[in-house]
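With the hints as extra help, turn the sequences into a complete structure.
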Amino acid sequence: MHENNGIWVSTEDLNKEESFLQSAEKEFSIENIDQTEGNWAASRRDFLKLMGFGLGAATIAASCEIPVKRAIPYVSKPDEIVPGVANYFATSFVNGGDYCAVLVKTREGRPIKIEGNSLSNVTGGGTSARAQAMVLSLYDTKRIKSAGKIADGGINDQSWADFDKEVKAKLAAGGNVRIITNTIISPTAKKALAEFAAKYPNSRVVTYDPVSSAALLAANEQSFGIRAIPGYRFDAAEVIVSFGADFLGTWISPVEYARAYAEKRRVKSAKDNMSRHYQVESHMSLTGSNADNRIMVKPSEQGAAICTLYNEIASLTGGAGIGGPKVNDKAAGALKKVAKELVAARGKSLVVSGSNNVSEQVIVNKINDMLGNVNTTVDFSHPSYQRQGDEREMMRLVEEMNAGQVAVAIAWGANPAYELPNSTKFAEAFAKVGTRVSFSGILDETTLLCTHSAPANHLLESWGDAEPRKGHFSLIQPTIAPLFNTRQAEHSLLEWADSANLNREDEQPYYQYLKSHWAGDLFATQNKYSTPAAFWDMSLHDGIFEQAPSLVTAGFKGTVDASGVTKPSSSEVEISFYETVNIGGGQYAHNPWLQEMPDPITRTVWGNYLSVPVEWDGVNNINGWKNLNDGDTVEVDINGQKQTCVVVKTFGQMPGTVSIALGGGRQSGGSGVGFGVNVNPWLPVQGGLVQYHTGASVSGKTGEEKHFSCVQDHHTLGVTAMGKEEGKVINADEKSLGYKGFQGSLTDRSIIFHANFKELPKLEKDMADFHAHSSHLNEQTLYPDNVEYFGTGIKWGMYIDLNSCIGCGACQVACLSENNVPVVGKKEVARHHEMTWLRIDRYFYGDLENPKVVYQPMMCQHCDNAPCENVCPVNATNHSMEGINQMAYNRCIGTRYCANNCPYKVRRFNWLDYTTADTWPANEERVFWVEGDEKPFYADNLVRMVMNPDVTVRSRGVIEKCSLCVQRIQEGKLTAKQESRAIMDNDVRTACQTACPTGAIVFGNTNNPDSAVNKARKNAGALAYQVLEEINVRPVVQYSAKIHNSNEELVS
Amino acid sequence: MSQAVAPVRHVLIEGNKSYHNITEDLCSPTEKAPTREWIIAFSLSAAFLALYVFAIVWTVWKGIGEWGSNRTINWAWDITNFVWWIGIGHAGTLISAILLLFRQRWRTGVNRAAEAMTIFAVICAGQFPIFHMGRVWLAFFIFPFPNTRGPLWTNFNSPLLWDVFAISTYFSVSLLFWYTGLVPDLATVRDRATGFRRKMYELFSFGWTGSAKHWQRWEALSLVLAGISTPLVLSVHTIVSFDFATSVIPGWHTTIFPPYFVAGAIFSGFAMVQTLMVLTRKVLKLEEYITINHIESMNKVIVLTGTIVGVAYLTELFIAWYSGYVYEQFAFYNRVFGVYWWAYFGMMFCNVVSPQLFWSRKIRRSIWWTFFLSIVVNIGMWFERFVIIATTLARDYLPSSWSYYSPTWVEISIFTGTMGLFFTLYLIFTRVAPVVAVAEIKSILKVAGDQYVGPKAQKQHDHGHSAAPVRNEDQNAG
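Listed in order, the protein sequences are those of chains A and B. Sequential numbering of the first sequence, starting at 1, is according to this note's numbering. Sequential numbering of the second sequence, starting at 1, is according to this note's numbering.
Please note that a few of the clues may not be correct.
As the list claims (entries may be wrong) - Label-pair ranges, simulated between beta-carbon atoms: (1) Glu934(A) to Phe140(B): 49 to 59 Å; (2) Trp137(B) to Glu725(A): 56 to 66 Å; (3) Ser235(B) to Glu725(A): 42 to 52 Å; (4) Leu50(A) to Ser18(B): 58 to 68 Å; (5) Ser775(A) to Tyr179(B): 49 to 59 Å; (6) Asn778(A) to Gly150(B): 25 to 35 Å; (7) Glu25(A) to Phe206(B): 48 to 58 Å.
Since the hints were derived computationally from the structure, they do not count as laboratory data. Glycine is no exception: its CB is placed at the ideal position from the N, C-alpha and C atoms.
So this is what it looks like as structure tokens:
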């Protein structure tokens, strides 16, 4: 009972009245609310609660994305896999002669990203766009799923046992066996081939390369007695002359060369030493675009130019000339000066040529010999094996097949039905071979002509090795079990050869085969490891094994002869054919990442375009040749073979010449089918060697391409030309835009700063003035500074050296791969809907007819005073405490004001359901589809395996952009935290940074005075700048001025 | 509200109307069966409205990628149309609010229709900011509502958020103002109606009885709303101009935008009022209420605001030159001579040159010229917004990203579709409510000394006005 203990609240309490005591018993004094009105009547509060719940539930249901299905946990977790933690495996990217030492990032057993392997002395941790993109080809929906007989463009599946029995029977029947390959740089594969040849003595391997270097090999054999490509030392050369060799983009070993080349280009003060690079060519190649001087010669004049240089050098060094054909006067004058410089830099210069003419290559060898470059910059101690093919053997094979002398033909990695100039002849002859086997993983042109398909594993499912350079071995290990019922080509060959060394009982027979080769032959060549097991484990871990080099000195033997040199053609228009960094000779045409990577020069995607020169009318207009415009179609007639090409106006294309890339017009095999034209049938053959230029006649405009896909509409930053009205050199660029050079409205933009190396002190002063002026302007603000926000802790920043950047585009593909950036397809790119977070802007400047080029990788600049952030109505984009401009995709409603207000135009909007993330499929017909597929590209679960699980896949209607690889930053911070230390440079490296072959991109914490990014900026001094510094958006990405080392005497 | 008008001023209502005539003339369109013209016009408008719905569903279903905008030009027809429609609305507010405060009594002839136009134009304008969103289903994120997402709130720094408030305020005040004016007129219609119609009008007129207290409160409310609306005339388009003025893009980032946008808005709004009035007075036979004098007065506003806009265009060019700032200079050179030069010259011709014809009294008082030029001005004002938005974005800081824009059928359908939406609403309006404010027009019928009843009525009235020289001229001009 209630006791009041002397404390009372009222007189009723004090008096212990009955009614009070009753009410005090209850917690709530009012009668039971629920029971006051009937049994169960909803109160106002109930109503509000229910309504609130209902509204909330409806809201949540309306705004939640549908969860991803098919997430199956491990029943027993593999030891090496920790969900959410990536594993890296060292392997190699090898495709024919293309090579790159790489690390493969796998997540939960799926390879998703390629990184460079910095232990390699060949590629030094750099990568190429092709290497970056290989991970996507693993998940190609068009891959052949099983072995079998080929009929009606499809495969009739067979078990491997049945298949082997059938093929073996054919092989055993006697008759000649021919294996058609591109260059094979794998020693173990060669061993397997040898076993095969031992079993079938009437077999032979026929090797050619899609883009031939046969003349170079032949010439080296003639001149030095070594049929290999020497190690070119671009880092040791002070003067480099390249006759049409695109060594930074496509020629032999571009990653290796680019890395070495950049060493001599990264100048920051007048005291530094900078190499000078002359490029002799007709079309603007990636290498030519980086050259200090381009000497323009017609494609047929390359030989004449080589002879001219030879004669000049000979006369300077007291040797005898060889005569030879004459090059145009302007080039002859230039080459005279070049010769002087080369001779002055004897032993420290380098002359290379991309010619496929043996005489010309021999003359080049002799030039290097006269200059004392052999054994210095032309190094035969480390010859490259990356090109071994000779198309003359292929031509012989065609004859053999035609004569019915071949019983079994095996295509391994090669695609002659597309790549050969006489592919129709090949197809006819090939049909006469009884049994035609293909190892190709896709139904390419050659495989379609075959009778049997023995699909090989993808590289990322394979064991193997590579010897790209003498004594430099690189391992290939699988990063995923074969996705389909495929088998390694080497395994198939050994199987058919009944090899005793192949342990068929083993789960991975070729692995054992490879291991025993390494543990045996290669183990013996080293003494670092005492047991074969240790040697194998470490080699597999590193991916690389390098033997001690043996010094080889070569001497020039033989004679030079100008009679075999190509005679300048008299045809009115000459056309040259070139390989592109992304598609190569067509081998990479089925990779959507590479197809959608803009060509560095023309900035076009999805197809090959006919580059035509631009002309200045002297008054107002920069016109295309024949008044052709971008996207016009023309008919090109070469020896009566006509094809329709799409025109792109290209600066730096020599007047009287046009050019078009190889690799277009694929007929079958995947996503590249139907884009561009196949130019291979146009390639002329001289002395059995394929030539990459000829005469052509080009019609006027015949129509327009429906979807002309070029990501850059304006290409120049103030090119100059002689003005007829003014009588002097004027800014033709601005005049043609109608601005008449008005106060430098185009050239005075602070986007690119450039100068000649000689004028570096002046540039430094000018830029210091510019910085002072900009900071003066930026101080005129009403708003208090926000610098103190970032004064402590971490502040991320980036530095991009435009002098090191060669524009190769590896970073761009790496970015796609890392950040799940969708491919949108040709039509969408034509509408400027590309999604690339990182693009490489390419600007022409200088002389209009022979301009210079500067590349500028452009991504989100993460402005400290970001204009995108204050205009977003919903705060979807905002600033992190570490200075990152971040996107909250879930919050974005897609007003796109941020993209409008971005001075750098780096924000990308998901115009359509590019990733097929929406729940209904009715809106998918305009997103990217591979021709003939049943569903959009990204709707396929196979393709989706390439997605990086650390990065959100963005849905339709949101903005996205570069995040500075925030997922890597988080990972790096966690690593540092776990190890209880401050974050260091190597903890966080962005995808673009690791991909770059020349180290042009540096990223790090700018609050750390010792970070690489800070040092690089400090080192660059006044040459470091922010793009559009004076508009006070304060980007954290800094660039350095572009410095070229032009020989001004050569200009005009 | 009744004030004496000096007999020397010409009448505001012609045709010797009695109060009954006015009621009869203005209420009858709501009572008769629709005319053939109305049915044709309505069917056409409804067809365009259907097209609008189709194109919007298409956009939401498939994505903004169905439009022609791209990575460089992220806004184009959408925001152009938005600004155009919102500008058109301004005339209604100006007429109803500012002219009321300034006691411009001629406004009563046109204010009802102009206010209706404002509301319908704002409805059309409001479609674009909503449906240009990539994820329109999350449009409610722009409202600062309490939520469970932590400290997540709208961004009060963003001009787009200011827009949300500016436009919603504008819409609600305009709607209130318009409806307040409608209440006594709806009661008039009610009193004439029977059956179901009477019940409906009873409901919508809020039981208006016409008592002195009602009128007193009604007048007080009108004045208060006029007071609220007046700053809105200036503020709404000022805030819309901030969408551009607060950016960093050369050509957008200019301090002249607020006054320039307000002048342009009034300019285009009056042009739209003219377009509608000329049609309405003809079709509904209201020539005696919406007189040629109204048209002339509005043409005077057009020539004034058109000239202000012209000065603003030239000022922009001067400032670009005077700034010495390369980006600014380029932006304006590009406007005049760049890829969209035709849009600039279209704008200059339509907005600056063509209204100057209204200096001529003859043209000013010509129905046909007025109608023609009002359309020209509206085209010109559309070009102005297109020039500001698309031309500027197409050539901004980095030449590498320059691009070109042309609309797709979806965008064209949405724009023409909003015309359908507008006219559908307007045509319904002409059928359900008096298009001229009956109560207010009655207040200006009687001029001091005029006698409307009794034996002297006719004579005195005629004596006062019909012989006035002004009227003769009117007739000549008409």
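Going down the list of hints, with the structure as the test:
1. Glu934(A) to Phe140(B): 49 to 59 Å: Taking Cβ atoms as reference, Glu934(A) and Phe140(B) lie about 37 Å apart, which means the hint is violated.
2. Trp137(B) to Glu725(A): 56 to 66 Å: Holds, at about 58 Å.
3. Ser235(B) to Glu725(A): 42 to 52 Å: holds (51 Å)
4. Leu50(A) to Ser18(B): 58 to 68 Å: For Ser18(B) against Leu50(A), whose Cβ atoms are near 60 Å apart, the range 58 to 68 Å holds.
5. Ser775(A) to Tyr179(B): 49 to 59 Å: Holds - the Cβ-Cβ distance for Ser775(A) and Tyr179(B), about 57 Å, lies within 49 to 59 Å.
6. Asn778(A) to Gly150(B): 25 to 35 Å: This hint holds: roughly 34 Å between Cβ atoms.
7. Glu25(A) to Phe206(B): 48 to 58 Å: holds (54 Å)
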